[in-house]
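**Q** Required output: the full structure, derived from the provided sequences and hints.
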Amino acid sequence: MKRDGKEAINMKSINAIILLVLVSILCTIGCHKETEEQKIRKVIAEIQEAAEQKAIKTLLGHLSKAYRDPQGRDYNGIKGLLVFYFYRHQKVSVYIANLEVGVTDSTAEAAFEAVLTGGDKKGAAGGLLPDTLGMYHFTVSFIKESGDWNVLSAQWNRTGEGARE
Numbered sequence: 522m523k524r525d526g527k528e529a530i531n532m533k534s535i536n537a538i539i540l541l542v543l544v545s546i547l548c549t550i551g552c553h554k555e556t557e558e559q560k561i562r563k564v565i566a567e568i569q570e571a572a573e574q575k576a577i578k579t580l581l582g583h584l585s586k587a588y589r590d591p592q593g594r595d596y597n598g599i600k601g602l603l604v605f606y607f608y609r610h611q612k613v614s615v616y617i618a619n620l621e622v623g624v625t626d627s628t629a630e631a632a633f634e635a636v637l638t639g640g641d642k643k644g645a646a647g648g649l650l651p652d653t654l655g656m657y658h659f660t661v662s663f664i665k666e667s668g669d670w671n672v673l674s675a676q677w678n679r680t681g682e683g684a685r686e
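Position in the sequence shown (from 1) plus 521 gives the number in the numbering used here.
If you're looking for bench data, these hints aren't it; they were derived computationally from the structure. It cannot be assumed that every hint is accurate.
Simulated restraints on C-beta separations [as the list claims (entries may be wrong)]:
| # | residue 1 | residue 2 | range |
| --- | --- | --- | --- |
| 1 | D595 | N678 | 18 to 24 angstroms |
| 2 | E555 | R609 | 34 to 40 angstroms |
| 3 | R679 | G623 | 20 to 26 angstroms |
| 4 | S627 | F605 | 30 to 36 angstroms |
Positions of the beta carbon are idealized from the N, C-alpha and C atoms, including for glycine.
**A** Below, the structure is given as structure tokens:
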């Protein structure tokens, strides 16, 4: 079947429009720039995952060397706390809820609720029930260092009832 000139032009126009739409979609997907808030949410998710994997090196990689908290801990104090907690509990789980993030230039603050559980896989009910359970409210301050968001300070308070340690 032979196409006339108008039909060929219409097909070229349709193909050009489809190509333009595809390029626009790909640019939108590929050119999406992550916001500072999204970067901080990603850091918090990485910290959560590292805690569950008991990856101290990864956790400390998100901690500023200038870390100080209201409880009097510094970078090495947090390192010791992590080593103690991970040694004490064979299995660690972290659940984060109600995450709110605010960013101002090179500093940021995040507030969230976290449920922390620790246990021994050989413990009660074959490891289904945690040995420890605590719900905490966290307020975490971040600082941007060399392009990366790091934890500068953290404050946490135990909340809820029925928690045991």
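**Q** Now tell me if each hint is right for this structure.
**A** Each hint tested on the structure:
no. : hint                             : result
1   : D595 to N678: 18 to 24 angstroms : holds, 20 angstroms
2   : E555 to R609: 34 to 40 angstroms : holds, 36 angstroms
3   : R679 to G623: 20 to 26 angstroms : holds, 24 angstroms
4   : S627 to F605: 30 to 36 angstroms : holds, 32 angstroms
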